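Participant: Given next are the chains, with one letter for each unit.
There are 2 protein chains.
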Amino acid sequence: MTHILLKHATIVTLNDEDAILTDADLAIADDRIVALGEAPADFAADKVIDLSGKIVAPGLYNAHTHAAMVFARGYAEDMPLDRWFNEGIWKLESALTREMVRWGVRLAMVEMLRGGVIGFADHYFYMDEVAQAVVESGMRANLAWAVFGHDGGEVGITVPETVEFVKRWDGAADGRLRAMFGPHSPYLCSDEFLARTAAVAVREGIGIHIHAAETGGQVEASLAAYDMTPIELLHDRGLFETHTIVAHAIHSNPIDIAILANSHVNVAHCPSTHMRYAMGVTPVPEMLEAGVNVALGTDGAGSSVALNLWREIRLAVVMQRQARNDPEALGGLTPLRMAARNGARALGFAQSGVLAPGFQADLMVIDASQTHYQPIHSVPASLVWNTEPADVRDVMVAGRWLMRDRQLLTLDEEAIRAGFDRALAEMMAKPLGQFKTYEVDE
Amino acid sequence: MTHILLKHATIVTLNDEDAILTDADLAIADDRIVALGEAPADFAADKVIDLSGKIVAPGLYNAHTHAAMVFARGYAEDMPLDRWFNEGIWKLESALTREMVRWGVRLAMVEMLRGGVIGFADHYFYMDEVAQAVVESGMRANLAWAVFGHDGGEVGITVPETVEFVKRWDGAADGRLRAMFGPHSPYLCSDEFLARTAAVAVREGIGIHIHAAETGGQVEASLAAYDMTPIELLHDRGLFETHTIVAHAIHSNPIDIAILANSHVNVAHCPSTHMRYAMGVTPVPEMLEAGVNVALGTDGAGSSVALNLWREIRLAVVMQRQARNDPEALGGLTPLRMAARNGARALGFAQSGVLAPGFQADLMVIDASQTHYQPIHSVPASLVWNTEPADVRDVMVAGRWLMRDRQLLTLDEEAIRAGFDRALAEMMAKPLGQFKTYEVDE
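Listed in order, the protein sequences are those of chains A and B. The numbers in the working numbering rise by one with no breaks, and the one at position 376 of the first sequence is 376. The numbers in the working numbering rise by one with no breaks, and the one at position 53 of the second sequence is 1053.
Calculated from the structure, these hints are not laboratory results. Here the structure is a predicted model, which is why all the values come from computation and not from measurement. The C-beta atom is built at its ideal place from N, Cα and C for all residues, glycine as well. Possibly wrong hints are sitting among the right ones.
Said to hold, decoys possible - Restricting the straight-line Cα-Cα distance to at most 30 Å, the calculated cross-link-like pairs of lysine-lysine (BS3-like) are: (1) Lys7/A <-> Lys54/A; (2) Lys1430/B <-> Lys1091/B; (3) Lys1054/B <-> Lys430/A; (4) Lys7/A <-> Lys47/A; (5) Lys54/A <-> Lys1430/B; (6) Lys430/A <-> Lys91/A.
Said to hold, decoys possible - Restraint ranges, calculated between C-beta atoms of paired labels, are given here: (7) Arg406/A <-> Phe1043/B: 36 to 44 Å; (8) Glu1286/B <-> Gln351/A: 47 to 55 Å; (9) Asn1253/B <-> Gln132/A: 52 to 60 Å; (10) Pro431/A <-> Ala1044/B: 48 to 56 Å; (11) Glu1286/B <-> Arg404/A: 49 to 57 Å; (12) Ile255/A <-> Leu1223/B: 35 to 43 Å.
So here's chain A without its partners, still in its complex pose (with noise of 0.2 Å):
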């Protein structure tokens, strides 16, 4: 058993009190918190480390996002959602290989460690390799396979297939990895299909990750075809009745938010995609307020640029304060809240995203004495509105060290580069396919 001791650090626990201790111990006892404040007199630390001047976090959760996309970064900017889907994304796609998700989620993982993001929910293909990259790397992870399902059978991937990928996975890695089934959305997905996951799920105690409600567009058609909005549709097939991560949702009525919370639904915000889309605003405030588990995500770097969980946290504020011309929405430590205590319940990671005895020893070290952090008079207005990915010195998972200062312990970044560049040049040689036609806002 090894025994860590954090020293003369400030601690954001984001525990129900929001509680923030100054100069105060942490200690670590094999991949657990034993205690927090003042260590216990007989505890008999391996290794004691100074925190003088740093900021300890619960580490942050991705809750949505394809991170393999990373090979389509700014492949299609400045465009409507439909041409982004149609000209841009599904095109490049259509070249798809394993290799390409094997390395993209490598140096998706890179990227996101680097930003004090511990896990991440990542919704895509080949996802047995993303598993595998999990296992290496030290992350937590939950994993759903995408599923584009029709009447006459399933596109990629079989609902059997996908049983047998979570039974493969889930709970994996000492726990680090959850599985899920991943059917793509109500719009790209049949309702007979949907029923028929939901039927699954359920019967075999598996959760579901599903994007919806991303357009007005898309609650008219499903208006129009079902007299029901996608949320209602969802529930009314049975899709809430499983542990269930919904993206988006941004197009949530009040009823909207009141299935989502009394079924426990936990929805995936990605301010960044839906502000550089203009795909409308998420009543986040008045989900929160009806008790829903509000996530934040980066969603694929083919649509956010960057996988920079500070920048969702800052935008989640700021895009509620301009809508609602409130200044006080959303405030102090809510956004982080979001992004980690949140984020590890969305993924069902129970024990993580709190700094509390008893509780996994995931966190994240900011170094908050450098200067543009001076004077700190709030320790929640400076570690929300002042950390940039690069101010994250330290990311500890289970109590194992991923990054010390700034140096990754458990990614090959210089092989991960290279596969990566081999990947994708192997990819973009590819013929691409045809344009797809299908129109998202119908």
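Given the structure of chain A, go ahead and fit chain B onto it with the hints provided.
Facilitator: Chain B only, in chain A's frame:
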């Protein structure tokens, strides 16, 4: 004469064609760029620098700030603007000291330089201290001494004294310093004082830097008192008959925009502050379309917490996309152009902000070889959406390196930190003044 040759760089010129050169040279003689693309065969470089994997772009300008106000970073959060003034900032400022300005501006310069900011338009008090700091730092700046002018006289500094201040510094430090008048605003200066300031400005050939149209309430109050909007009033009283920077101008109607354009007024748009305090959405696309020179500012750290122009660059875009439901608003290099080229023009540095032969060698070097930039499908997208201050490696002003490999060459950071801490402790130990009761919206 010093000759420097930068080689193998990706060069974002921000010239009229928005040209981007790859694997290009940039030749510098003394303070000026002499060649771009390929260096002349007879260019004898004293120093050759390989910039493979790096992006070179014009340095950024912070077109509206109160730099020394870093002392108020995070001091008054999550509240409406009138409470921010009355309960927060003005209370703290009642204890302001010359020492606090001396060290505050230096701390701010460390933060700005580290993020690629080469010049700033400062609007504050004890401005001789700021001027001295700019001389030492090697940066550019346009300095305005803030005046609250009433019919009975000026608070703090008189108009003749500001004339002396301007004459002392305008054009100093080999032209790196500009100085202007700084009447605070139409809501904190009397009508008569504004007219008097404008008359002296025109007579003496002095520019003006002023706040205006920050809230809807200010516009209503101006209409009630003068039957003119704040922009119309400033125009009518002659403040636009010289080189003028108007900070904010958020609540500008089409007639205001026409006035700003026809009068060649420079607008300093500060999205962090506008969004955090829910002040409204400036019609920036309409202003640009009308020919208004819109630059970007951080405002003071008392309202923006960070002096990070990259954040302003991105917020300027997403603010518009959200507000007008337009995913194509301010695309490509537009926001960078606002921060660099438009900023240089706003501050009165016509030979800066563009990388072209004959222009000043004012530039930043960005390390786009890092993992979080990969792959680069689009230089504009990667530069605008992936760059954080920590990615800026080098900064040059007038051919002189102010930062190399993130080491500051003109500022003594350790001494600045010590001086800042001392000045802040002295200021915070003073009794704070009465709350001012001025209502911003009245």
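Participant: Does each hint hold? Answer for all of them.
Facilitator: Evaluation of the provided hints:
1. Distance check on the hinted pair: Lys7/A and Lys54/A sit about 10 Å apart at the alpha-carbon level, within 30 Å; holds.
2. Of the supplied pair hints, the one linking Lys1430/B and Lys1091/B holds, its CA atoms being roughly 11 Å apart against a limit of 30 Å.
3. A hinted pair counts as satisfied when its Cα atoms are at most 30 Å apart, and Lys1054/B with Lys430/A qualifies at roughly 28 Å.
4. Distance check on the hinted pair: Lys7/A and Lys47/A sit about 11 Å apart at the alpha-carbon level, within 30 Å; holds.
5. Proximity of Lys54/A to Lys1430/B is assessed by CA-CA distance (about 28 Å); at most 30 Å being required, the pair is judged to hold.
6. Restraint check: the Cα-Cα separation between Lys430/A and Lys91/A comes to about 11 Å, which is no more than 30 Å; the hinted pair holds.
7. Roughly 38 Å separates the CB atoms of Arg406/A and Phe1043/B, a value that falls within the hinted 36 to 44 Å.
8. A beta carbon spacing of about 52 Å between Glu1286/B and Gln351/A agrees with the range 47 to 55 Å that was offered as a hint.
9. Restraint check, Asn1253/B to Gln132/A: a C-beta distance of roughly 59 Å satisfies the suggested window 52 to 60 Å.
10. Take Pro431/A and Ala1044/B: their Cβ atoms lie about 49 Å apart, and the range 48 to 56 Å holds.
11. With their beta carbons about 50 Å apart, Glu1286/B and Arg404/A fall inside the hinted range of 49 to 57 Å.
12. The beta-carbon spacing between Ile255/A and Leu1223/B, approximately 42 Å, falls within the hinted interval of 35 to 43 Å.
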